[in-house]
Structure formats: structure tokens, C-alpha cells
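*Asks:* Sequence:
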Amino acid sequence: MCEVKPHLAVVDYGLSVLEAACPVEWRAARRRLCCVALGPRGVALEELRALAREAPDRLRYAYVYTHAQPDFVRALANGSGIDISEMEHRIVVIWRREPTRIQYEWLNETWPTCTSDGYESAHYQQRLNDTKRALDNLIKRLLKPTEMMAYETHVQVYDVFPFITY
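Everything in the sequence shown is counted per this note's numbering, starting at 12 for the first residue and increasing by one.
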């Protein structure tokens, strides 16, 4: 089940939504990662929720509506040279080294969406399995303290609401 955090001004135990979803950890050996799916409202991500339920302690999952977070999405796009129009259904893995400084890396694959064939189609299931495998490999690599992330940018804390955490 996902929990909708309506805006950053709402805090749980004094923590901002961004802090709860992607806590700061400056030491590479203890880095915590946040796997963020970007997309429009209403996209079903049941498979991503299932991954989140099984995530290790150093990994969190979140979902950001691209239309509601243009500054956050623009910061990610500008930092990596990605066309902002190609951001939907993308997965980015974030490491917050400081409250407003993040390092990140994109998953090469986009998260598959349901087509008219439905979630049971062989093509959808194959794409989903390939994407999950690629995401798992990326996360395992980035959790290693010797790994460097490809991109870095600064974000404003208020840039990341609404934020859905799993």
C-alpha cells in the first residue's frame, strides 16, 4: 500500500517528506539510496510497490508526479542532459549526500506501462522482468562504497512534493 504525502510542510516526527523518503548520508560506505519513479498521475506501479516491500534497509522507493514537481524534474534533467519531455516512466536512483545536494544515476530502461493487451501479455511481462533485473543490477552496483554516480545536482527541499513513498 502506498502512502500519499501531500506536501513537504506535512512532517512525520519532524522529518520532511524528502528526508523520510531519501535520508541524507554523506559516507559512501553507508550510503542510502532512493529509487524514484517519475511519471504522470494515475500510472499503476504495482510491481514497483512489490519491490519496495522487499527492499533492504539502505534502499527506499518513491514516486514523483512530473507535472507537480517541475523544478525537481528540471534539476535532474539539466544535471544529466536528458530531454525533459522524455522523463515520464523513468527511474532515477538518488543518493542524498547533503540536504540539497544529490548524486544520481538513471536506469537505462523506462518502467513498462500496461498496454491494451493488459498486464498479462508476454511482451509486457518480458519487459517488466528485464527492467526489474536491470534495476536490481544498478542498485547492487550503486550500493558499493567504491562506486561513483554519474550525475550530481542541487535541489531545493520544497521542490519535491507531493511525494509518494512505498
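Simulated from the structure, these hints should not be mistaken for laboratory data. One or more hints might be untrue.
Each pair of labels, with its calculated beta carbon distance range [claimed, not checked]:
1) Ala133 with Ala161: 13 to 21 Å
2) Pro110 with Arg85: 17 to 25 Å
3) Thr157 with Pro81: 19 to 27 Å
4) Arg69 with Asn119: 33 to 41 Å
5) Asp141 with Ile93: 38 to 46 Å
List of simulated lysine to any residue pairs, SDA-like, C-alpha gap at most 25 Å [said to hold, decoys possible]:
6) Lys151 with Glu109
7) Lys151 with Arg52
8) Lys155 with Arg71
9) Lys143 with Glu99
10) Lys143 with Pro34
11) Lys143 with Asp68
12) Lys151 with Pro81
13) Lys143 with Leu118
14) Lys155 with Ile95
15) Lys151 with Gly90
16) Lys143 with Ser91
17) Lys155 with Thr121
18) Lys155 with Glu36
19) Lys155 with Gln136
20) Lys151 with Leu118
21) Lys151 with Ala79
22) Lys155 with Arg41
23) Lys151 with Glu163
24) Lys151 with Pro34
25) Lys151 with Ile93
26) Lys143 with Tyr162
27) Lys155 with Thr77
28) Lys151 with Arg42
29) Lys143 with Gln167
30) Lys151 with Asp82
31) Lys143 with Leu154
32) Lys155 with Val35
33) Lys151 with His78
34) Lys143 with Ala133
35) Lys155 with Glu97
36) Lys151 with Ser132
37) Lys151 with Ser96
38) Lys155 with Asp82
Note that CB positions come from ideal geometry on N, CA and C, so glycine has one too.
*Asks:* Which numbered conditions among the earlier hints are violated in the structure presented, ordered from lowest to highest?
*Replies:* As far as the earlier hints go, 1, 3, 4, 5, 7, 12, 14, 19, 21, 27, 29, 30, 33, 35, 36, 37 and 38 are violated by this structure, in ascending order.
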